[in-house]
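Protein sequence lines, in the order shown, are assigned to chains S and Y.
Residue numbering for the first sequence is 740 to 1238, as defined by our numbering.
Residue numbering for the second sequence is 740 to 1238, as defined by our numbering.
Calculated from the structure, these hints are not laboratory results.
Any given hint could be a false lead.
Identical copies look the same in the list; a pair holds intra-copy or inter-copy alike.
Straight line, CA to CA, 25 Å or less: simulated DSS-like cross-link-like pairs of lysine-lysine [what the hints assert, rightly or not]: (1) K746 with K1057; (2) K834 with K925; (3) K858 with K956; (4) K821 with K1227; (5) K1232 with K1206; (6) K925 with K1227; (7) K847 with K748; (8) K949 with K858; (9) K858 with K1172; (10) K836 with K1128; (11) K1172 with K813; (12) K1172 with K887; (13) K1213 with K821; (14) K1072 with K858.
2 protein chains.
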Amino acid sequence: MDIASAKSKLIELQTTLSAYYHAEALISYDGDTAAPSATAENRAQSLGVLSELSYRLSTCAETVETLEFLDAHKEELDEREKRMVYLLLKDIRFKQKIPPEEYVEYEKLIVLAQDVWHKAKAENDFASFEPYLARIFDTVRRFAAYAKPETDPYDYWLNEFEPGTSRQTLDAFFARVRERLVPLIKRCAEKPQVDVSVLKGDFPEDAQEKLAYLLMKQLGLDLTHVGLATTEHPFTTSLGSHKDVRITTHYHTDDVSSSMYSVIHEGGHALYDTGSDDELAYTVLDGGVSMGIHESQSRFYENILGRSKAFIKFIFPKIAELFPAQTQGHTWKEFYRAVNRVEPSLIRTEADEVTYSLHVMIRYELEKAVMAGQLSVHDLPREWNRLYKEYLGVDVPDDTHGVLQDSHWSGGAIGYFPSYALGSAYGAQLYAKMRESVDTDAALARGDLSEINEWNRRHIWHFGSLKEPADLLKEALETEFDPEYYLKYLEEKVKDIYG
Amino acid sequence: MDIASAKSKLIELQTTLSAYYHAEALISYDGDTAAPSATAENRAQSLGVLSELSYRLSTCAETVETLEFLDAHKEELDEREKRMVYLLLKDIRFKQKIPPEEYVEYEKLIVLAQDVWHKAKAENDFASFEPYLARIFDTVRRFAAYAKPETDPYDYWLNEFEPGTSRQTLDAFFARVRERLVPLIKRCAEKPQVDVSVLKGDFPEDAQEKLAYLLMKQLGLDLTHVGLATTEHPFTTSLGSHKDVRITTHYHTDDVSSSMYSVIHEGGHALYDTGSDDELAYTVLDGGVSMGIHESQSRFYENILGRSKAFIKFIFPKIAELFPAQTQGHTWKEFYRAVNRVEPSLIRTEADEVTYSLHVMIRYELEKAVMAGQLSVHDLPREWNRLYKEYLGVDVPDDTHGVLQDSHWSGGAIGYFPSYALGSAYGAQLYAKMRESVDTDAALARGDLSEINEWNRRHIWHFGSLKEPADLLKEALETEFDPEYYLKYLEEKVKDIYG
């Protein structure tokens, strides 16, 4: 083998894998958005075949030989090639340790599990989902043991979703968060409740869809490359490359803020994904690098910008134009206070900024316990409800509004949740850094996010997955990550709302 | 190789190909229904890769060896296996003759051409589409010459779309159709015009969508396996197997009958596709066998049932419920007359039953001339307009309502159109046969199509692609195909409407 032909094989491999991933992602997306209800098994059949093909290609002797040859000739590779080889080999090292039939079985399992979860959530029927969830936990535990037998299985997955994290770092992070936020939330509860009537009423779906598109444009998304659909649980997915990204939302006709902040959140993911350098398309470097960095962007747009005074002052008149009757007699200040109220609640995706991390912490503790074998999947609903009472003081009325609310576990994402809290904290520190050179309030007041987006593009987006998350963050911040920025930011926000 | 392992490879091959075709069909479907506007190149990239992979698999040495082994041991195969081997080898023989890079190039071309056609149609801009269409005609002519150098290229494609047909059989068929229908249309033109005001008004899309779902249910489609979406041009596609079929429609807010009959037409295709025996799923025998038989079903439901007195008497009150203001003061008889009026017009998909075959004949003559090199693609609009004047007496105002109206050519389907007219004629004869044992009028009056569907299932649908179209038809009819049934059927309908 010579270096030139190995490099050309490296590109060809990624081009082919991108096409497989396009197909696999689109089949899943179709299942969530458009497919008739009884077609999950048909999708599982095709996904099983395609994932086996992509699995085989990415682990076959020729691929391994090429990548190991390139790895042995690192000095002849540029930065991008080095990183491609590193990421592909990392993936291979993992897959080589998983028996192929178990891998394919797992792919089929999560397609079915997602279908069962949809029905189970709709019908408040945890029992029907339980055997699937138990198999998912068993599988991820087993896969982690195959991959890194010397490591704790949950540590393994935490580090997969956000390289550099572990139970140790997260226990410390959440302890600090809990210590500062729990008293803060208590103090808020003692104050008079914030009036949220400005958010409530009857908001027809078609007008909410108009608002969704308006927000997407306002965020600076290129709607010729980013699509919108509705799903049970909002998400963002890339199809083939960063040139085709889809976000989804869910309209609640009794509350205008629910879909609004889903769209801004997913829009943040889409800004990050579509912001990759064009040359990264159809390579493993295309799109965001980790869940934590991804959430740092989505929650930055959703909360730090989307719930800021300046943005709400700008956007409220546009909301009022779409919903004149519903907003009559209300002001942007009421809207600002309402979307920033602190109020322990049941649903993570609709939680306020301050209680949000406690929702995440509960999931983290539950995952940790199940992965360690200290809690059975069967007992998850009971334990879920207990922790919600303990940390948030709320009574969970049913599993639909409890343990069944999120799609993540049905998709096999065990260890993902902590990245939401980490991302929020990253975002707050990035915000402080950005403000050294960008007048964000002035930009938001003008409704023109281009300077803000440009800062994110230059420091985060355009790299795609070229850098390790910790390095990317450190370089953007020009210092170490410190959750203090996040906690201070929340304390100031609370002070502004509650005095 | 032993026969058991060859048979198991035969199944594995088809399972894998079905997954590729699922992915390819879904990427196209996504492009037509949901994708953001500037993502065609991204789809072309992935489709190029996937079609090359499926092409390689279906023509690789191992596949050929397996199929030739099975072909040499026909006596050990059952009827289904024999037919699978026959169809797969037929495809291979074709593909082996096409240089792989030309095949992949062509797949990319038609993805781009469809995108360009969409824009060209919207903007009445044939010039932008012309180079793509010229390349498509060149390619299909070249591919036919590769595949069967001794056969005329257009004959080659006619026979591909409907085995057994050629310019000779179609010239004879269309001559007979023309000879009987042209005077019939003339006689209609001399009668007082039919009042179509019952169809006209303002029909909002959301209510039309409700009507679409109602019609799908009424047809007996299983909505847990058949989906509905909107596209520029209505079509039907299967994803992976007959267990997931999608139909599309296009709502015209000024005419309730346009989407209505699109839905019934595509619903007929979907009934046929979803009616395959379950054991045929993920094999080449799954789904309808030819374009002609497919159209015999779609146009049977659309016209013979959908425009019948009995069905309209049944369905009109339901339409009136959805559109009370628009239908006020109108009767089912007016509706029956309006949807059966004979009136030369511009748009094939909205043409009446009687003039319809002339729309098809014009396309047949144009394709024949371009394929023979007697007409350039550049001159197609002029010749299109001339033939519409000659046969139908109408002036084509622009290419949007002329040569750009249909999607078929942009998708590479040259030689497809004649099957619409053939299918209509097949359907009329199948209808006559069905009525020997089924009281279709009584079934339609009850609004219960199950007996009718059962007849079609038993004689047509459940076979999938197991039989050659001509054999399938002959066995269902228990006699030879004879266009006389079709012409008589139309003459009777005209007599009923025009006296």
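Here is how each hint holds up against the structure:
no.	hint	verdict
1	K746 with K1057	neither (51 Å within a copy, 65 Å between copies)
2	K834 with K925	neither (47 Å within a copy, 72 Å between copies)
3	K858 with K956	between (34 Å within a copy, 23 Å between copies)
4	K821 with K1227	neither (39 Å within a copy, 74 Å between copies)
5	K1232 with K1206	neither (32 Å within a copy, 72 Å between copies)
6	K925 with K1227	within (17 Å within a copy, 84 Å between copies)
7	K847 with K748	between (30 Å within a copy, 22 Å between copies)
8	K949 with K858	between (29 Å within a copy, 24 Å between copies)
9	K858 with K1172	neither (44 Å within a copy, 45 Å between copies)
10	K836 with K1128	neither (41 Å within a copy, 70 Å between copies)
11	K1172 with K813	neither (34 Å within a copy, 74 Å between copies)
12	K1172 with K887	neither (37 Å within a copy, 68 Å between copies)
13	K1213 with K821	within (20 Å within a copy, 64 Å between copies)
14	K1072 with K858	neither (40 Å within a copy, 45 Å between copies)
Hint compliance for this structure: hints 1, 2, 4, 5, 9, 10, 11, 12, 14 are not met, and every other hint is.
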